[in-house]
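Make the full structure from the sequences, and use the hints.
Chains as they are written, first to last, in the working numbering: chain X, 1 to 105; chain W, 1 to 240.
The hints are simulated quantities; they were obtained by calculation from the structure and are not laboratory data.
Where hints are given, some of them may not hold.
Here are the simulated DSS-like cross-link-like pairs (lysine-lysine), alpha carbons at most 30 Å apart as the crow flies [claimed, not checked]:
| # | chain 1 | residue 1 | chain 2 | residue 2 |
| --- | --- | --- | --- | --- |
| 1 | X | Lys-84 | W | Lys-166 |
| 2 | X | Lys-19 | W | Lys-160 |
| 3 | W | Lys-142 | X | Lys-84 |
| 4 | W | Lys-166 | X | Lys-99 |
| 5 | W | Lys-230 | X | Lys-84 |
| 6 | W | Lys-96 | X | Lys-77 |
| 7 | W | Lys-132 | X | Lys-84 |
| 8 | W | Lys-166 | X | Lys-19 |
| 9 | W | Lys-239 | X | Lys-77 |
| 10 | W | Lys-96 | X | Lys-81 |
| 11 | W | Lys-229 | X | Lys-42 |
| 12 | W | Lys-92 | X | Lys-84 |
| 13 | X | Lys-81 | W | Lys-91 |
| 14 | X | Lys-81 | W | Lys-142 |
| 15 | W | Lys-230 | X | Lys-42 |
| 16 | X | Lys-84 | W | Lys-133 |
| 17 | X | Lys-81 | W | Lys-239 |
| 18 | W | Lys-2 | X | Lys-84 |
| 19 | X | Lys-69 | W | Lys-239 |
| 20 | W | Lys-142 | X | Lys-19 |
| 21 | X | Lys-84 | W | Lys-234 |
| 22 | W | Lys-91 | X | Lys-77 |
| 23 | X | Lys-42 | W | Lys-234 |
| 24 | W | Lys-92 | X | Lys-81 |
| 25 | X | Lys-19 | W | Lys-60 |
| 26 | W | Lys-239 | X | Lys-84 |
| 27 | W | Lys-166 | X | Lys-42 |
| 28 | W | Lys-234 | X | Lys-11 |
| 29 | W | Lys-239 | X | Lys-66 |
| 30 | X | Lys-19 | W | Lys-239 |
| 31 | X | Lys-42 | W | Lys-142 |
| 32 | W | Lys-239 | X | Lys-11 |
| 33 | W | Lys-239 | X | Lys-68 |
| 34 | W | Lys-62 | X | Lys-42 |
| 35 | X | Lys-84 | W | Lys-120 |
Note that this is a predicted model, so its numbers are computed, not measured.
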Amino acid sequence: MNHKLNSSTDKIVTVSATKKLGKIVKIRISYNQGSQLIQTIKITGDFFIHPEEVIEQLEQRLCGIKLKKIDLENEMKLILKNSKIFGFDIDSLVEIILKACDDKK
Amino acid sequence: MKFEKIRILETGNNIGPLNMAIDEYLLYNYDEPILRIYGWSNPCISIGYFQSTDEVDLEKCKEQNVDVVRRITGGGAVFHDMEVTYSFITKKFSQKIMESYEEISEIVIVALKKLGLDAKFSPLNDVTVNGKKVCGNAQTRKNNTLLQHGTILLKVDVEKMFSLLKVPKEKISDKNILDVKNRVSGISKTFEQVSDALKKSASDIFSCKLVPLSLNENELKLCQKLADKKFSDKNWTFKR
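So this is what it looks like as structure tokens:
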């Protein structure tokens, strides 16, 4: 896991990866240390989501969401409600995000 | 699943962007089921829709004249070289993803059995022979149509493959890279043998006749345009 602290702001960039059901899920996330709000997030890996384009919506909609389990879960459930996912689930994605950010505290 | 007929499209060897463009063109423009069989005129790595290009050693690819292209399907990075690639496009398919993978991968499994190989489906999206992966598959569903494409490895240059692909440490876990390398294998058959077996297999499984299909000049121009505008575009390839 790599962390980078931008000293001029309180923005933290961190990456993390996990393997679920034989597929890799990686995230690269930046968030505001004070407000604990996500600023940017990229979710990559060899998983499958149908339809594929929902990943960009998910990444966009997670920006501004607080790094809290319930907030992340609710947003993900809303965006992914009509999608079929293989290789990760909402629980594991929330876990990897929180773990990446927790490790920085 | 039964079809009255399946169109057979053999497009020969093309470079990565055009191969991907032809698949996308078929997905949006044909109602009939199509089995497309093709190869690669230049070695190419295709990365899955969701992958980062960090999965690939781009400098080594450049040095070794290996193309890099992003697929419209998910899944992992694939080194396309000595292989037979197929796509199956259909408007009739199971809504259950696992079931549809199994149904369509049956074309490959029966084809390999016809060639004397003990092929098995390995969920979610692989086919193995003697426990080694010989075929990987990926799907997308667009325009009420399913496209599944996959590769059947004839021979594998494992050292070259793994010098171009960066295997994530999570895939290696506590085992070493040798284990990862040993998981893939070629089937030591010719392109023609596999291509013929795939066609016979599709006809047997779906109890249908096979009708040849060829793309006309205008369609080829549209595919080339799609290859140039999308699959050769760095904004697409490096979008993640």
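Notebook entry, point to check: When the hints from earlier in the document are held up against this structure, which numbers fail?
Noted result: No numbers; nothing is violated.
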